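Q: Listed below, chain by chain, are the residues.
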Amino acid sequence: MSETAGEPRMWTTRVREAAVGALPPEKLLPDEQPVYVASWIYVFGVLTIAALIVVVVSGVVLGLEGPSWWHTTSIGLFFNSIHLWSVELFFFVMVVHLWGKFFMGAWRGGRARTWVSGAVVFLIAIATAFTGYLSQQNFDAQWIATQGKDGLNAVGIGSFFNTLDFGQMYTFHVILLPVAVVLLAVWHVLLVRNRGVVPPYPARRLAAEPVPPEPSPPEAAR
Amino acid sequence: MQSPLAHAVLGALIDLNKPARIVHWHFFQMSVANIVVIAVMIFVLVLAIVLPFPARRRVSR
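Protein chains in written order, with the working numbering: chain A, 1 to 222; chain B, 1001 to 1061.
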């Protein structure tokens, strides 16, 4: 229904206009990137997302089938390994991504929330992996639970986060923490889209200098 | 059951069925496996910075 002047706008209209204003389609799904993005160091963010997708999908399969399946059947052991190694890869590429962004000062240019959201995702992902070790349903999980409880009790959170309580740890691992990681990762990506990829330091200095006459041929990505 | 050859091919390259080797120097204590992984991460970071990106891409500026 069309609206007339003076008529209050619906909340859906306000939400839509705010969303499109913050992330217009050409920003949300860009088809071009600045020349400095043509570097391997810019690949590790999307590698982290790719690994996270494999982690979530393999985790869903494991959760649907259960411990007796993932410990005793060949296909269960296969998915167990897929889940483990995708997590290893997830942390590997996420740490390289973090180092790369740290050394290029990725919080510059109004990107503080992008940096902080990424750091928070990293910390929550560590807790998610920890509760995953506790959810294996084997002696390894029992050993980690009994060792970890003393450390957590020492910092005073044992009554809220009890590693010996399998139900609590499993709930943290399959629902609460993964949802937090995925939602924060989505927000992190949207912030990157909103602000754009951070330029490297030298390119930022060059951008402040006067633009020379038309170069020939133009310097393109390698 | 797997044959001994299959075990040799499919098994870990390093025998993992024993306690981990630990590097302990003053306050620093870490397993050799973790040190190797961190070293590989640093190596990959350096490669990502120095290796040229292969594809030509359209640029906006």
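Source of the hints: derived by calculation from the structure; they are not laboratory data.
Note that the coordinates shown come from a computational prediction; the quantities given were computed from them, not determined experimentally.
Using N, Cα and C, we set each Cβ at its ideal position, and we do this for glycine too.
Hints should not be assumed to be uniformly reliable.
Here chain B is said to cover these stretches of chain A; the calculated rule only asks that three of the stretch's residues, wherever they fall, bring their Cβ under 8 Å from a Cβ of chain B [claimed, not checked]:
| # | region |
| --- | --- |
| 1 | 57-68 |
| 2 | 89-102 |
Examples of chain B residues lying across from chain A (beta carbon under 10 Å, computed) [stated by the list, open to error]:
| # | residue |
| --- | --- |
| 3 | Ile1014 |
| 4 | Leu1016 |
| 5 | Phe1028 |
| 6 | Met1030 |
| 7 | Ile1035 |
| 8 | Val1036 |
| 9 | Val1044 |
| 10 | Ala1048 |
| 11 | Pro1052 |
Q: Any hints from earlier that this structure breaks? Give me their numbers in increasing order, please.
A: Numbers 1, 3, 4, 5, 6, 7 and 8, in rising order.
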